[in-house]
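Chemist: Read off the chains here:
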Amino acid sequence: MTDQVTPLSDEELSAHLDGESGPEVGERIAAEPEARSRMASLAAAARAIAAEPVTPLPPATVDNIVAQALAAATEVERGAGGAADAKGVSDGRPPAPLPASGGSGDETGVAPLAPSRSGRGRAAPPAWLVAAVVLLVFAVGAGLVIAGRNGGRQDAAAPTTSKSAASDGAADRSPSATGGAESNQDQGSASAGSPSPDESPTLVPGHGAPAPDPSTTVTGSFAVPAPLWLGLFSTPDALRTELATTFPAQPQPSPETPPTAASIGRCADQVGVTLALKGKPLHQGYASVAGTMVLVYEFASTSFRNKQPTTLVAAVGAASCDPVVTFER
Amino acid sequence: MTPTGSDEERVRVAAAQAGDRVAVDRLLRDHQPAIHAVCRRITGNDADALDATQEALIAVVRGLPRFDGRSRFSTWVYRIATNACLDELRRRRRRPLVGLLGSHEQDGPGALADPADETADSFADDIGERLAVDHALQQVAPEFRVAVVLRDLCQLDYAEIAEVLEIPAGTVRSRIARGRAHLAGHLRNQTELAQRQNPSP
Chain A
1 MTDQVTPLSD EELSAHLDGE SGPEVGERIA AEPEARSRMA SLAAAARAIA
51 AEPVTPLPPA TVDNIVAQAL AAATEVERGA GGAADAKGVS DGRPPAPLPA
101 SGGSGDETGV APLAPSRSGR GRAAPPAWLV AAVVLLVFAV GAGLVIAGRN
151 GGRQDAAAPT TSKSAASDGA ADRSPSATGG AESNQDQGSA SAGSPSPDES
201 PTLVPGHGAP APDPSTTVTG SFAVPAPLWL GLFSTPDALR TELATTFPAQ
251 PQPSPETPPT AASIGRCADQ VGVTLALKGK PLHQGYASVA GTMVLVYEFA
301 STSFRNKQPT TLVAAVGAAS CDPVVTFER
Chain B
1 MTPTGSDEER VRVAAAQAGD RVAVDRLLRD HQPAIHAVCR RITGNDADAL
51 DATQEALIAV VRGLPRFDGR SRFSTWVYRI ATNACLDELR RRRRRPLVGL
101 LGSHEQDGPG ALADPADETA DSFADDIGER LAVDHALQQV APEFRVAVVL
151 RDLCQLDYAE IAEVLEIPAG TVRSRIARGR AHLAGHLRNQ TELAQRQNPS
201 P
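So the sequences go chain by chain: A and B. Residue numbers for the first sequence, in the numbering used here: 1 to 329. Residue numbers for the second sequence, in the numbering used here: 1 to 201.
If you are wondering where the hints come from, they were derived from the structure by calculation, not from laboratory data. Errors might be hidden in some of the hints.
[Said to hold, decoys possible] DEER-style ranges, computed between Cβ atoms:
(1) V130(A) with E192(B): 45 to 55 Å
(2) D157(B) with A147(A): 54 to 64 Å
(3) G143(A) with P168(B): 44 to 54 Å
[Unchecked claim] Per the computed footprint, the stretches of chain A lying under chain B, defined by three or more beta-carbons under 8 Å from a beta-carbon of chain B, are:
(4) 43-53
(5) 67-74
A virtual CB, placed ideally from N, CA and C, is assigned to each residue, including glycine.
Looking at chain B on its own, in the form it has when it is part of the complex (with noise of 0.2 Å):
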């Protein structure tokens, strides 16, 4: 299988393996955006995110030597990534923080910052979209979550999430769908509240 990825990576790649630090730096520096916003996104908040984060860059860094090129750089990139991330929600189940994970109650969505009120700071309004999202997020199964954010936050194809997961293309389908139906529904709660809550004059 002939390496795909960009000929400077490929080059940095390789001199990273070869004990180049300047070319570690590199590759990690380039990739860490990336990683970060894939924990941000499976963990549901900073401080996980950023634990979930530096286990990612030292696994990239300790796993260099067997990078073989058969994948994208960035795949394999992507695949300590989501076990990093996997692993931190694990850890989390051990130490319960039980309003991060979410527990699916039916009763709990809340609304968003009142949209009709025209002096809402619209740093308040992000704030509560944030919220929403990853409250929203954290209620899908972490399997579906997984394959939700690669492919729409990271915009993988089938294709490659199957190679991140190793698991068939055809559970990656399944999956995707699953997680963006789970998703749908809460969102949707949420609003149906937020409409109860503040009903039209």
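Next comes chain A alone, as it looks inside the complex (with noise of 0.2 Å):
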């Protein structure tokens, strides 16, 4: 009879990684493939994390929330905010009485700067005023279905991945022109349940259907062109060639279906605030890229070699926004 050996869990091999397991295990990775590729696999993802470096915060945004932070201690001084934040303090004791500010020290204390980004270090508003808030926004809403079944071709985009864009004020966090008329023409498809098989996305320049309204694809005070058809690439590299020194500026024919409004500006949300570019893309468009839709941005930037004005581009997947091909020219 033979024994079966149980192989080693992640559980173990990740044990040993971090020291915390005993000798037998490590004899058993020395001894069985196995487990060494197994935890070389873990290794690389735990090495993964710790290489990439966390880019520090300007020394004015330090200066700004230290003093947030600081203003909060006025707060609690001045019993403004009563119980502190018992969030990250997990003791079970209740709290202990809030020092007198004519301890030592600094007497004169930090006076606060800028409001706070969010304001959610003050003091909780009214009842009334959160609830007068909830219905106008409930009526805007309603108003934007209304105008939206009443108003022309309606976006054949998915109503989860912009339905709460407007509701919750998540626009204003950083607003997308194609983000928030996606917004606006998805009120009238999200309560309609499932989009008509009539509907067709209005963003189809080149496509043989007639041009869109750029009322219906543009909103607020920045227009984002509609996106182009760029091609057909075997490899990212092709399309880094095809885009190195300008973006197309005449529409061509598709034989794709054009990706929605909804997910052009959701990629285009994503890149910019993971890289820390300002604006809106400059230009936008789809490719094929071995047989894969992409969405392509280009981005004003400011060059990290020179620190000279350039353009930025970044091609992403179309289904989860994932990095693709990204350059500076």
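Take the two lone chains, each set in its own frame, and fit them into one complex as the hints suggest.
Modeler: So, in structure tokens, the structure goes:
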């Protein structure tokens, strides 16, 4: 009878990486190639997190957030905050008495600077104000739904990607013209349930359909050009070569179904936030790279090499905004 | 339990609790980089990380009177930072930006900038790497992501992580393992897709 040895689990291998396992685990790893291979994979994942540095906050930002926090201390001392936020402290004890502000150290205190970004450190607004805001948002949303139903063609984008963008104020966090347009358009489709099969995407330049009404694709004070079909490419490098100097200016017929405004705006927001890019894309397009739909953006940027104004091109997968190719001109 | 941590920090904490604003300012500035690094990795983007960092600093100041020194001050701060990040993730779920959360899609992971391209700007390569790690980490469930970040970025040991997260050490061990396994899988998917899209000549 052959004893079947249970393979080492990921938990045992991971603990061994951290020195939290017994010597027998190390002996088995040394003797089992599969265990060594698996542990190498886990070690690589651990290194990936440690290796990628986090860009420190600029000194001015640090000064600001520290000032905001010290302002919270001032509120606590004045009794305006009441019992302090207990989220981060879990010793289970009741709040201790607050120290008097007349203790040792700097007596002048720190005057708060600009108000906090989200105002979350302040006291809760009165209930009547909250109710009024909720009713107002509801009324605006209902108005948009009615306008959407009575308007022209609606975008057939998935409602889950955009229906809450306008209602809870997320649009003001990182407003996207296409995302904003999408939220306006999709109020109709969202409330009607699944999109009508007769509905077609509004962003269809060169697709053989009539040119869309620009007012249905752009909202707000910032206009982003409709995405252009860039072509079929066998590799990301081929796409990079095509866009090495400029973004195409003229639309061309597309054999592919264009991406929805919601997906374009979603990935644009993610790229912009992840890369700390200011402003919306100068241009956007879509292409097929090795059979996979990618969304392509051109942003105004500052060259990392020489600090001069330049443009940065980022291509990401349409499905989950994963990076495909990124380069700076 | 004898409180641990440097003598200087203990003195500063005591002074801060007594109302010394200079001491409070110093404590916040000393711990802000670590708080921000944790928040950036857990939330996956600069904006949410900044919000979470701000919330954490405010919570540190407000909670100072209740810090009793039974744990290291840094451990206590990490707990606050982690809670602030998890709160930020919960707020983000209520205002979805789907691409940032990650959809666990299997057909998504894309290629990095072509490593064979000798003219590739190193800055663009760094961008690609950062996007890839960020994207892969956001695919990992928050409870596993937090454990992995505390271990591999902050270098806390299992006991400290258990204290930060207020969970048993065995659960810490399990979460770290699962987080690393998921992250390894997502990074491998990205590499494989990159190889398919950029086959060797």
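Chemist: Which hints from the list above does the structure break, by number from lowest to highest?
Modeler: none
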